[in-house]
Every structure is written in structure tokens, then in C-alpha cells.
Amino acid sequence: ETAVFQTPNYHVTQVGNEVSFNCKQTLGHDTMYWYKQDSKKLLKIMFSYNNKQLIVNETVPRRFSPQSSDKAHLNLRIKSVEPEDSAVYLCASSAGTVSDYTFGSGTRLLVI
Amino acid sequence: GEQVEQRPPHLSVREGDSAVITCTYTDPNSYYFFWYKQEPGASLQLLMKVFSSTEINEGQGFTVLLNKKDKRLSLNLTAAHPGDSAAYFCAVSASSGSWQLIFGSGTQLTVMP
Numbered sequence: 001e002t003a004v005f006q007t008p009n010y011h012v013t014q015v016g017n018e019v020s021f022n023c024k025q026t027l028g029h030d031t032m033y034w035y036k037q038d039s040k041k042l043l044k045i046m047f048s049y050n051n052k053q054l055i056v057n058e059t060v061p062r063r064f065s066p067q068s069s070d071k072a073h074l075n076l077r078i079k080s081v082e083p084e085d086s087a088v089y090l091c092a093s094s095a096g097t098v099s100d101y102t103f104g105s106g107t108r109l110l111v112i
Numbered sequence: 113g114e115q116v117e118q119r120p121p122h123l124s125v126r127e128g129d130s131a132v133i134t135c136t137y138t139d140p141n142s143y144y145f146f147w148y149k150q151e152p153g154a155s156l157q158l159l160m161k162v163f164s165s166t167e168i169n170e171g172q173g174f175t176v177l178l179n180k181k182d183k184r185l186s187l188n189l190t191a192a193h194p195g196d197s198a199a200y201f202c203a204v205s206a207s208s209g210s211w212q213l214i215f216g217s218g219t220q221l222t223v224m225p
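Chains C and R are the protein sequences, given in the same order. According to this note's numbering, the first sequence is numbered sequentially starting from 1. According to this note's numbering, the second sequence is numbered sequentially starting from 113.
Extracted from the complex, chain C is given alone in its bound form (with noise of 0.2 Å):
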């Protein structure tokens, strides 16, 4: 199957503590994502990344990383959490052009 693969489905975790969330991709896309949807379901770009460049968000406090072993994965990395950082983040991936970009099933934060 090919799609876009997000780990885990749901994570809660304390105030402080550091989270990593895993995404894959098996469509052969070169460029992936990382979306945050808040709680009032606003959906905003944080990264977009390919072999060549990485592009942030420019609003995306600097706890928040992601991290690239090859043009399959990208996985974001959260230091040390805050309650505003609550969310379900989502993973896409594109083939360089906005037409083929595919989601991934989400991963929903909750920071108590």
C-alpha cells in the first residue's frame, strides 16, 4: 500500500517532557510536510522539507524540529512540550507540485 504512515495515533505526555513523532512515506515523493491543526481546527504549515532545502515556518517556536534519514521519513521532534502545543500534527508528502499531496492519518497530542 502507499500512503502516508503517521506513529502513534495518539500520544498524552506532562509539561517538559520531550516527544517524537515518526512519519513515512512509501509514494516515492521527494518533498514531505509537517502540518499543526489546533484546537480550533486551524490548520497551519510548520516545515516543508526535501533533500535539497528545509523551510520553516517562520511562527514555529524553536522546540519544535524535524528530522530527515532519508526523503521517506520526517519525523518532527518536540523538546520540551507546552500546553499550547496540544494539536493533532499532520504528516503530507507531494512529488514537487502541490497536485498529488497526500495526508497522513494525524497524530494527536494531548499535554497535561
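A few of these clues could be false.
Unchecked claim - In silico BS3-like pairs for lysine-lysine, Cα to Cα no more than 25 Å straight-line:
| id | chain 1 | residue 1 | chain 2 | residue 2 |
| --- | --- | --- | --- | --- |
| 1 | R | K161 | R | K149 |
| 2 | R | K149 | C | K36 |
| 3 | R | K149 | C | K44 |
| 4 | R | K149 | C | K24 |
| 5 | C | K41 | R | K149 |
| 6 | R | K161 | C | K24 |
| 7 | R | K161 | C | K44 |
For the record, the hints were derived by calculation from the structure and aren't laboratory data. These figures come from a predicted structure and were not determined experimentally.
Assemble chain R onto chain C, guided by the hints.
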């Protein structure tokens, strides 16, 4: 940068009625447009992607209209049924080359039997 405004934030219709959701955008160079459906607890389901060269696109039970002159994108569910109840999002591709999508703020649609 690109800004996308989506209206209305909430919409209630009766089964069989039509439901119209509209997005306006600011960047005249935007050229890919998307409509997504999101059911509770689920991810984004692509309904339709529209290229700037096509103004009317028909899907299963809905029509998407693109008016480039007014920079307006609309989704028209022609005969809504309770299974259409969900959040709907428009998205526009940025023309900056970063391939990010700029999303509207969403419309929560409720279809009453």
C-alpha cells in the same frame, strides 16, 4: 503572503437542501485549489483538486466553482445528506515555490434529517 478567508464557519441545512461554502484568496498567482472533508477524529479526505485553468468541476454530489477574477472558490453540495456532516476546508497553493498549502479556517456543516 497569501491569505484565505472561508465562510461560513458553521452551516446547518436540512437533508436534500444544498449547502454552499465559499473561500476568497488574495494571491492572483495561486493555481491549485483543494477542498477537503474532515470527519470527527479523522484526517483530511481530499474531495477535489482544481487547477486554475478549469472553472467548473463536478464531483459525486457536489460542484466546485473557481472564479479567478474575483479570487473566489466555492463548494456546492447539491443535495446534502446526513453523511455529509463534517468539517470542510479549502486550501490554496502558495505561489512562492515552497509548495505549502494555505488553508481556510474551516466550515462545520451539519445536515439534519
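Hint check results:
1. K161/R with K149/R: With Cα atoms ~12 Å apart, K161/R and K149/R stay inside 25 Å; holds.
2. K149/R with K36/C: holds (16 Å)
3. K149/R with K44/C: holds (16 Å)
4. K149/R with K24/C: Cα-Cα ~23 Å, so holds.
5. K41/C with K149/R: holds (12 Å)
6. K161/R with K24/C: Within the cut-off at roughly 23 Å; holds.
7. K161/R with K44/C: Status holds; Cα separation ~19 Å.
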